[in-house]
Structures are given as structure tokens and as C-alpha cells.
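Visitor: Below are the chains, spelled out letter by letter.
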Amino acid sequence: MSVFKTLTATLLLCAIAMPAPAQDYFISNAKLVTNTVDGIVKDADILIRNGKVAQIGSGLVAPADVELIKADGKWVTPGIIAPFSQLGLVDVSAEDTTNDITSEYSHTSISELASDSFNPKAVSIANTRRRGITHAVVSPRAAGESIFGGTGLVANLSGEFDSIEKEQAFIYIQLGGSGTDLSGGSRASTFRQLRGAIDDASAYPARFKGPEDGDTLSRQDAAALVKAIRGQIPLLIASDRASELLKIIELKTAYRKLDIIVLGAAEAWKVADQLAKAEIKVMVDPHDNLPANFDRVESRLDNVILLDKAGVNYAITNAGALGVSKPITLTQHAGNAVGNGLDWNKAFTAITQTPAEWFGLENTQVSTGRTATLVVWDGDPLEVTSAPTMMLIDGKRQSLKSRQTALRDRYSPTREDTRPHKYR
Amino acid sequence: MIIWSMKNLRLTLSAAASIAFLGACGDNSDTKTTSDSDVAAPFASTYLPQPSETTLITNARIIDGTGQEIENASLLITDGKISAIGNNVTGDATLTIDANGRYVTPGIIDIHSHLGNYPTPSVRAHADGNEVTSPITSEVWAEHGVWPQDPGFDEALQGGVTTLHILPGSANLFGGRGVTLRNVASRSVQGMKFPDAPYTLKMACGENPKRVYGQKGGPGSRMGNVAGYRKNWIKAQDYQKKRAKGGDDFKRDLQLETLADVLDGKILVQMHCYRADEMVQILDIAKEFDYKVTTFHHAVEAYKIGDILKDNDTCAAMWADWHGFKMEAYDGILENVPFVHAAGACAMIHSDDQNNIQRLNQEVAKTWANGNRAGLNISKAEAWKWLSTNPATALGILDETGTLEVGKRADVVLWSADPFTTYARPEKVFIDGALHFDKESGLKPKSDFRLGYGEIK
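Going line by line, the protein sequences match chains V and X.
Convert by adding 838 to the 1-based position in the first sequence; the result is the number in the working numbering.
Convert by adding 2 to the 1-based position in the second sequence; the result is the number in the working numbering.
Pulled out of the complex, with its shape left as it was, chain V reads as follows (with noise of 0.2 angstroms):
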């Protein structure tokens, strides 16, 4: 164990000693969308030194020494924001042991922090990475006895060990037919469960003279509650059903403190001047349009066009996101929404800079100045025939290889080798 142990020592002390240098690169001629003011800039030659955008223009001449990357009119966009995902922390979603998303048999919840299983170096994450997205929101999941799935965090997917941007970025909270299950049975009793902890929080500590103290949450947990009751992060709720939305709504009255992001939202239509007016913002899926359960019977394909036309703020996500294969398909719903009649600045904002806002993350703007956080695209990054060819998170290129691309290079019928599969 000893000899183990000094050489994963060895390893992290050279992984911290040897960070990849930050290099410089001139893309030319490219498609540029900035997420800031300028918009799409056509024609955009971009170069990065140490890292950061150094200039902005048309027209502009490669320095001599920096490595040339040539766009040739293709699409250099910021970097994809997965807004919901369980990245890291799940290997195999079937496999138990692997699979970190929910603590079943746990008795606490709020406490539980995301960032303790999230583990870099997941499979998932490379094969998400090579697919255009460089940052994810990564959620726990509610199971046993509370509505309360944890605390989630956010990521880049670069698979550093310090890829954490935020520990602690928002609770995640299951309402609809699911929650019940989790509360007593019924939405009242998620509710209830919902109020009484909020209640607790912000009685915290002075409602706790024990351990047990709270209606609802251990101290442990009403704690964990404290800075998204004072709204400094945000109550992340799975909720679909307009009834349920507008009660959503009356908590948003009596706790005016709150910064509540509602995920699926697939009523949302229904409740949209009021949501707008509360300022709740709502997380879709642009695919949404069956009624799935008796939560969102109402389903609707244009969702997202109707939230958009009553000015809600919005982001875009694959509400079916449980699987670890699911981010990669994030383009193709926005593209979807695009599809259907939304505007493709305002899918692709609410992909990259919304959720960025949301939940804290900088560089996700490219402009002069700023760290480069980047993608080079070989097609319109919303087309489902378009991949990544080239990726910065803040000014470090990014793999774009991954397990599936060593499994696609070992079997590829393209190449000519006889050797056993093995050998190969």
C-alpha cells in the first residue's frame, strides 16, 4: 500500500507541478458568435495570447509565432453549457456501486454536497467534452424520504482535478408526482415539506438547540439551506404542472429573497406572464411535447416560444438528461427550438450565456480580454451533422479524444491492420 500510495503521490505532485501551458493561437476567417453586444461577426480573425483574447478583427495577419488554426468561414462559438447533468457523478447509471446521483437510504439531504462524488475523470465527461460542451451543471437527484436531492455543482469539463468552478452552486428540489413519493404521497406533503424547511433555514441557528431541533431539517441540513434562502444560490426545482408553477410562485411572494430556476417547466406555457412578472426563470426541454405524466399533460412542442414571447428568462436543456449519454444531444434540442420557430441567437443564448449568468460562470463571452473559452465548429454547432474541432477552456486546448474515440479508431472499418482487435 505504501509504494501505492507514493506513487499517487508522485503522480498528483507531478500533475500539479506540470500544468499544460497556456498557448496562442490565431484562428482565422471564422463565424464568430461573441454572446456579447457585436453579436455574429462574419469574417472574425481571433488571437489568443497566454490565454486570453487578445484581439478581435477582420483582416487581421498571424503572427509568426503562434500556432495558425484556420476556420475557413466555419462557426467559432463559446463554449456549450450543459444546464442539467449528472457528469461525474455516475460511471455506469445501472451499476449501484458506480452511481452517485441519488443516496437512497440517507437520512440526510441539503448537507450532501455533489462536489464529494464528482470524479473528473469519468468517461462521460471526455465523451461530452468532444461534443462541443465545456461547462455542466451537475445535480444530485431526491430519493428516500426527501424532496431535497443535495447540493449541486458546476464544472468545466476540461477532466482536471480542479475542474470544480462552484461546490456549491444550488439545491435540487423534486416537486410533481415524482416528489410525492419522497414527502408522504401527496403534493401537499411535498409542500409542506418544502415550507417547513425553508422555515427552518431561515430560523437557523436560533431554532436549534439540538441536532433535531427543525420541523423538517436536521441542523446539518437546515445549514446546508442558509445561502439559498438568503438567495445567494439557486433553489433548482423539478416541477411541470401550471398549478403546481403557480404555487412555486406564491413562495417566490413570501420569500422574495429566493432565486428559483425551475427545471421542466413543461406547463410553463400555460403560467408565463405570471412567471415572467415573479422572475422565475425555467429550464425546458424544446423536445417536451407528450404528456408524459398527469404533471404535464399540457405538453407542448413551441413551449419555449411561447415562454420567450412572454419574456421569461430561459434556458435551454434534455430534461431526459439521466443518462450519461444525454448531454452530448443538448445542440440538437436547442436546434429543435430553432426548428419549431425560435430565433437561433436566442436557442444558442439560452445554451451558453443564460445558464452561465444563472449560475455564476464567467468566460463564456468571447471578447477582447477575456480568458478564451472556445469551440471551432465544422458545421452550425445547433445542426446535429456538426462537431468540434477544436476547443479551449480558459486558454488551455482541450482533447477531443475520448474511450469512444479509442473504440471507434480500434474497430474502424477504414483501417487496414489484421492483427487481434487487441493489438490494435
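Treat the hints as calculated values from the structure; they're not laboratory data.
Take these hints with a grain of salt, some might be off.
Claimed, not checked - Here are the computed lysine-lysine pairs in the BS3-like style, where the Cα-Cα straight-line distance is at most 25 angstroms:
id	chain 1	residue 1	chain 2	residue 2
1	X	Lys382	V	Lys912
2	V	Lys959	X	Lys382
3	X	Lys328	V	Lys1260
To be verified - Chain X stretches covered by chain V per the calculated footprint, using a threshold of three residues with CB under 8 angstroms from any CB of chain V:
id	stretch
4	304-311
5	422-431
All values derive from a computational prediction rather than experimental measurement.
Cβ coordinates follow ideal geometry from the N, Cα and C atoms, glycine included.
On the provided structure of chain V, position chain X as indicated by the hints.
Guide: Structure of chain X alone, referenced to chain V:
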């Protein structure tokens, strides 16, 4: 309003005749009986095409499903069938549609769907797709669990799906019979059944059966799975002999009847199987008992054995990018479909999902692009085979649909744009030449379930 013409009446008679197996289809040599009695097959198709006009679609870019893409082409539909296609088509049509350069393709066929047997809303009462009471349930039929009011059928139609195959779930080694449906509005599943399409048998490999039955008497391992297949094929061989012999002592056995029909080549095996090594073992079992595996479904590792699938004439039905959710899906890659295709095997897309079925063209576009990015050079027209041609082959209905060729059913989609882009949508969907979805006029089906819920103000 539907006006039933003489043509439909004739079709009624023809369908009734074929139901009774009187050789109305002009193939007297093949008695299609699936049981030993002379009675009509139960639950026979009552599907009748909707009335259609003689329709000429002009100025289209046609991907025909045979690997061809034809510009400035026309398509003529007469009596619900394709009567002419190409650059020099003329005909007296009562309806002419100028495609204005837009794409026209065959209707999409999804070989793996649970619409109707796992419908939305997905409440407990609706979970009718899996008879999870024994690992051997070849006696159950998917169609008996299909709810024709599943709103998912309506949405799939708007995604261009004209034919779909509903399977039992994958808990069991022998899951039961699958059924091929026309994606049409009907009060009964019989009214959706694809006339004379062969039945299929759903089988399952790997993790699911051993997980479900591991604590319920087995199988509890992949060894138990294989033993379970072989023991029951032995029983089926015995039954097959007794059935052929007949006599008063012979008693029908629903469970073995389906298996014996597989051995007789009348029922097509559709087998859920992920891992490459496991598929190769299944192919050996098929050789031992002299039956054919028509298609491996999900087949996440099919790309590792494309050559073996080709040699065995076995198809693979796959996702574009699902992987990683269980151990046997851990090696999924984004190039599975094109790699299997490039090996010369029969590859296709499938959904297994009520959302993905609405945009299978995008699923193909994804995997097609990834294949070409990995060094292949597959045309869009060739890749289209993954959406209609190869599924039709694997369901035994290629002589009726799956491509746009003269004489076939006019299952046709007119797209707003290139179906390989995210932004394209079906604008018109024809089934047997009749318009079933039309974006322009707002024609679309609406499930009973969706009645009575409020509309936008």
C-alpha cells in the same frame, strides 16, 4: 369526411379474402397458416387505406430508398400506390403538389417502438409491454397490449413515421410476438395492423433477463440465459414434429406454437442484444436449431462484428448515440450504424423511445455525419436506407413499402428542407397515398386522451 368508394369496397373484399387465407394475394403456393386449424387467424388486420387522390408531386428532390437521389423529379400516386417516379413523369392527377425543390422520401419505418404498449401518460395502468411473470412468455402478443389512443402515434406521424413495429419488452428470454403497424388512426389495433406482415418474436440477451429473474428462479447469469434458449428450442422442435404429424392427440400450445413458427421460417426473430460476443453466441444457437436471427436490436457493439453479421445475413437496429447506461452499453460509439453499414451488413436506426421516434431522420443524420467524419464516404441517399429500406427488409415488408418504387404502397414524406438538417420538418405525410398529416392545412390526428384539456387562450 371520408367517402367510401367502390375501390375501398374492393379492398375490403380483398382484405377479407386474404384474412381467410384463400390465396387472394395471388400466391396460392404458400399457405400462410400459423396454426393447424383451418379457421382464420385471430386478430387479423382490418386495416383499409384511406381514400386517396391521384396525386402528382413535381419538382422534388427525391431520395427513393434504393440509394438514389434524383433532382427535379416527380412522383405519381395512383390508387394509393406509386405508379411512376423519375424525371419524365406525366399523368392526369386530381391533386398536383409542386415540391419546389424540396425533399421527398419514403415514409420512415421504426423497427423498435413501444408506442401503445408503453404509452403516454406512462402511468402504471399503461405498462402493458412486458409480461414480467416468467422468462419464457412466447405465448404473449405485443398487440394485445397496444392502446391505439397513445398520443405518441400522432406525434410520430408528424415526424414522418408511416410504419412501426411494436415489440414486447426485454425482461424475458422469449418475450412474445411483435406486431407491425401502419401509423394510422384506428379504434382498434387490428385496424392498424400491416396486412400480411409476418409476425416477429422478441427475444432478449444479457443483463435484463438475468437481472429480472436472478432472484425469481433464474436465469441468474448469461449461462442461464443460453440454457433457457436451448431448452425451449428443444421443446419447440419436438412440438414442430408433433404438429406436422397432427392427429387427435395433438394439442395446441400457444407458447410453443410461436417458437415452432420460427423454426418453420414464418416468424422473424427480433433479438435485443448489446454485446458483440453475446451476439456471436446467439448466432451459434440459431445454427444449432436451424432458425434465423433476422435482427439484433440495440446492438451497441455491432460495430465490432460487422463482418460476422454480414456473413450471417443478420441485420442490426441501433441508436445514434445512446450508450453507457448499463455495462453492456458501455462500449457504445457514435459511428455504430455507419460502421456496420460499411462492413456490408444490414444496418438501421431504431428509436425504442417516444421522443426519438419523432425525429429519426436527425438520428440518422447524426450517425451518418459521424461515420463520414471517421473516414467513410456514405451518401445521404445511401444512409436513407437506415430509415426505411433496411427496416422494411428486417420486417419482411420490403416488397410493399420502404422505398419509392413503382407498385409499392405510396408511403411518402414531403420535407420542408433537407431531412439531414436539424431544421427540417415533414410537411406532408402520405400513407397508402392518402394524406394523413398536412402542416399547411393543419390536418393531423388527435388522440381521445388529449380531448378536454384546455387550449391556449
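Visitor: Would you mind marking each hint as holding or not holding in the structure?
Guide: Right, here's what the structure says about each hint:
no., hint, verdict
1, X/Lys382 <-> V/Lys912, "holds, 22 angstroms"
2, V/Lys959 <-> X/Lys382, "violated, 36 angstroms"
3, X/Lys328 <-> V/Lys1260, "holds, 22 angstroms"
4, 304-311, "holds (count 3)"
5, 422-431, "holds (count 6)"
Checked against the numbered hints listed earlier, the structure breaks hint 2 alone; every other hint is satisfied.
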